[in-house]
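> Residue numbers (the numbering used here), protein chains in the order written: chain X, 159 to 522; chain D, 2 to 137.
In case anyone wonders, no lab produced these hints; they're calculated from the structure. Backbone N, C-alpha and C fix where the C-beta goes; we use that ideal spot for every residue, glycine too. Be a bit skeptical, because a hint or two may be false.
If you want a taste of the chain D side facing chain X, the calculated C-beta under 10 Å gives, among others [what the hints assert, rightly or not]:
| id | residue |
| --- | --- |
| 1 | Glu57 |
| 2 | Val81 |
| 3 | Leu85 |
| 4 | Gly86 |
| 5 | Cys87 |
| 6 | Tyr91 |
| 7 | Ala94 |
| 8 | Cys100 |
| 9 | His103 |
| 10 | Ala104 |
| 11 | Gly111 |
| 12 | Leu114 |
| 13 | Ser115 |
| 14 | Pro119 |
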Amino acid sequence: MWQRIKQGLETRIGLEDLINTKLKSYSVPRNTNIFYTLGGVALVAFIIQAISGFFLLIYYVPHSDHAFRSVQYIMTAAPFGWLFRLMHVVGSNLMVAVIFLHLLSVFFMGSYKKPRELTWIVGWLMLLVTLTFCLSGYLLPWSQLSYWTTTVVTAMPTAFPYVGDYIANLLRGGEFVSGITLNRFFALHVAFLPPILVGLMVIHVFLIRRIGLSSPPFDASSEETKPWTEYRHVSYPNGNSFYPYFVLKDLYMVALYLVVMFFVITFIPTLFLPEASNIPANPLMTPAYIKPQWYFLAPYQMLKLIPNKFLGISIQIALIGTFLLWPFFDTKIERNILKRPLLLATFIASLVLWVVLTMWGRSS
Amino acid sequence: MKRRKFLKSLLALLGSTTLISFAYPLVRFIAPPSRKAEVKRLSLQKNEIPAGEAREIVLNNTPAIIINRPGKGYIALSRVCTHLGCLVGYNKAKGNLICPCHAGIFNLDGKVLSGPPPKPLTEFPLRVEGETIIIG
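Next comes chain D alone, as it looks inside the complex (with noise of 0.2 Å):
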């Protein structure tokens, strides 16, 4: 190999191992900062929420809604429209739940009823224990 040859293979490898050594401080640099895996719960009493009315919440940082479905029970759903992200909000009057971004509407157990979303909301654990309801 030419001198000249074996100086620019081997500016191009120490260049290159340069710049990859880079990437991974880089990636680690921007990549969202990790944060404890929260179990938190959270109980409520029954009477704080009459049948047809709902109860807006923050579960592990998740905005969330706790709606008293008239003759089917208590349910927790994540409040995060699963198009875009915006916040759903109850409809009292119709029974359902509205994405006021994209016009998403939501039934009370979480599935989409209209709209761009493709899923339904994410449902939370939810048990009722006497009087006391208990979310996550």
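Only chain X is shown next, with the shape it has when bound in the complex (with noise of 0.2 Å):
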């Protein structure tokens, strides 16, 4: 049967030719580690929240009568509705995670320069679009960990004059959040934002093989040695072939990757789940202890301790626009990290500045 199936495949797409030419013949560095890897685990990491999302979907209400009832009977009534909700909420903590360390190893590799800038780019939009999809799926729990971090969030723009009143009430539907504000959530997590992280997804994958893999700069035979001038593909015909040896190497990670999830999900699976998402949405209350996810804990911290709101927004702001066109104003030929100094400095100062800001907004 399977060899029927592969025949009639054979003659019509000529499936051979395919996995030879795309699988087998392209060849990925020798030098290649576990951090290569990291995109392909981002992409396994989506694929698990779509389809967990999309059980969720069979029973979650998208009304602020309802919302918090029906995640509430997901997680208690419906079979084996815990598992797909843990799944998704975990998923998405593990799949901002992996996103962090694969744009960490990319910059410690050099990876970003050029002719990379563009898959560089692409990366951190699917960051900001994946941050998105977090904050828009956080408020349709309709607890009041969703209700009061969406307030919190949704008031940023505020911060700018003239057109920030005017944005918020845009994002929320009105002067507060209320049902309108879930009912757009809703629709930018299941309708406007899929379609943009595939587009992406697709445009990545697209340039990452139109380009060529980059190698470890960590030694001499690294690719890059002479001028970009023009368009040539980076290939490595003494390298390992992408079919078997570096799908198997992905497979590992995303085997690892699952371990950890479940290991969460088994033993802790309370861990992105606090009180206060337990407790449905009262507009008329803010908890007295509400923190946001530990993504987000770094720039909460920093909007506490500088005093003008405007200041600290727009220094976020300055940042991300920083990191997103970081391989233009680093345009230095050498990739090894190790080789430069003041970049490898910068790079664990500005590590360290994010993990005791995170720290510290988790116990202040």
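Given two chains presented individually in distinct reference frames, assemble the corresponding complex, making use of the accompanying hints.
Shown next, in the form of structure tokens:
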């Protein structure tokens, strides 16, 4: 049966040739490390989010009167509802972690440099879209945590004079977070953002295949030693074939990702669901201790520390802009960060600052 | 003008006109639904709020608080923090209003004491007529 299907596909689309040219003949550098698999792991993470999200849609009711109860129903009454919800909740956090690690490793290995500036920018846009996914999804359970986190986030544009209030009202669909906001965020989460993220993924993968994978810069055989004056495809005639070598490495890391996900679901299921996420939204009472998810703790702490709202939010936007356009600021040909002490020191200092602000935000 | 160039320009014109003609309905569609301005007033009896106590109310859809400040009388303030919109809570022991989100602190006149809020809490008109407090 399988042979007949294979034969049928071979006759119609030339399956063997497709596998040979796109997977086996496509070679990757010999010295790739496990950090090269993080993009693939992020892709699998997104697929898991999409599938678990589809299942949640069967029971979820996007209405402020029913949303909280429908989520409670999923968690307590729908058969295995808890599994799909926890996969979605834990998966969203792990997906952000994987994308963070991916960006850090790309930065550390200087893979954002010419000719891969666009790949870096698209990657960053994907992180921003993923964070928007998280924010819009956060409101959907209509809990105290959802409600007040969304209140804070949608109030951020008000830092800007003239247009700020209008933008905030546009996001919320009114002066305060309400059922209208829930409908807007639901539409954003399930209809607008998925095609945007998929589109960016397609562009990202296209750029990687068109330009060619970068190699780690830590040995002399690194490919980008000559200046990049015209288009050329970076290939590795003596490299390892993408399939099975790199695919197996990818699968190994995907398995590790699933181990972490199911470890959290099994042993620490409330890790990403604090108490306020089990209390229905009350627009007349802000909970005493409300904290954003771990990936927003550093910006949250910054907002607390900087006394001027406009300044605090402007600094954060400027930081995002700087990272987004980093390849255009750092135009040196040298990719090996170990040979660039100033960049290495900035990298480490930024990481330490981020960790300190995150820990501080968590404990304050 | 060559026919090909004319057709290209015409196509560009028609295409951009089509796109722009969708912009206005789109902006109107996503704009918040307009709400009729409410001029609701609220009245309470003075004995409902003894000195040093406060009462939370909702005035024209805005969460608000009426405080009976010892020695200074009643004041009606919006509970919406001017930083990022969380609701402040009355801290009777310290005689101030605290925002739980980013630790903004206001005094009982609504003025910022510390933290990131950029301006004081909005004050609502309040008057006392005999034994009745009228807000709004």
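> Confirm or reject each hint.
Going down the list of hints, with the structure as the test:
1. A distance limit of 10 Å between C-beta atoms decides the matter here; for Glu57/D the minimum to chain X is near 7 Å, and the interface restraint holds.
2. Proximity of Val81/D to chain X holds as hinted, the smallest CB-CB distance being about 8 Å (cut-off 10 Å).
3. Because the smallest distance between the Cβ of Leu85/D and any Cβ of chain X comes to about 4 Å, under 10 Å, the interface hint for this residue holds.
4. Here the hint on Gly86/D is kept, as its CB sits about 4 Å from the closest CB of chain X, short of 10 Å.
5. A cut of 10 Å between beta carbons decides the hint on Cys87/D: the least distance to chain X is about 4 Å, and the hint holds.
6. Taken as an interface hint, Tyr91/D does not check out: its beta carbon lies about 12 Å from the nearest beta carbon of chain X, beyond 10 Å.
7. With its C-beta approaching chain X no nearer than about 14 Å, Ala94/D sits outside the 10 Å limit, and its interface hint is violated.
8. Taken as an interface hint, Cys100/D checks out: its beta carbon lies about 7 Å from the nearest beta carbon of chain X, inside 10 Å.
9. Contact between His103/D and chain X, as hinted, is supported at the beta carbon level, the nearest pair being about 5 Å apart and thus within 10 Å.
10. Restraint check, Ala104/D versus chain X: the minimum CB separation of about 6 Å is within 10 Å; hint holds.
11. For the restraint placing Gly111/D at the interface with chain X, the shortest Cβ-Cβ distance is roughly 17 Å, beyond the 10 Å limit, so the hint is violated.
12. Checking Leu114/D against chain X by beta carbon gives a least distance of about 12 Å; that is not within 10 Å, so the hint is violated.
13. With 10 Å as the threshold, the beta carbon of Ser115/D comes within range of chain X, its nearest partner Cβ sitting at about 9 Å, so the hint holds.
14. Because the smallest distance between the Cβ of Pro119/D and any Cβ of chain X comes to about 5 Å, under 10 Å, the interface hint for this residue holds.
Checked against the numbered hints above, the structure breaks hints 6, 7, 11, 12 and satisfies the rest.
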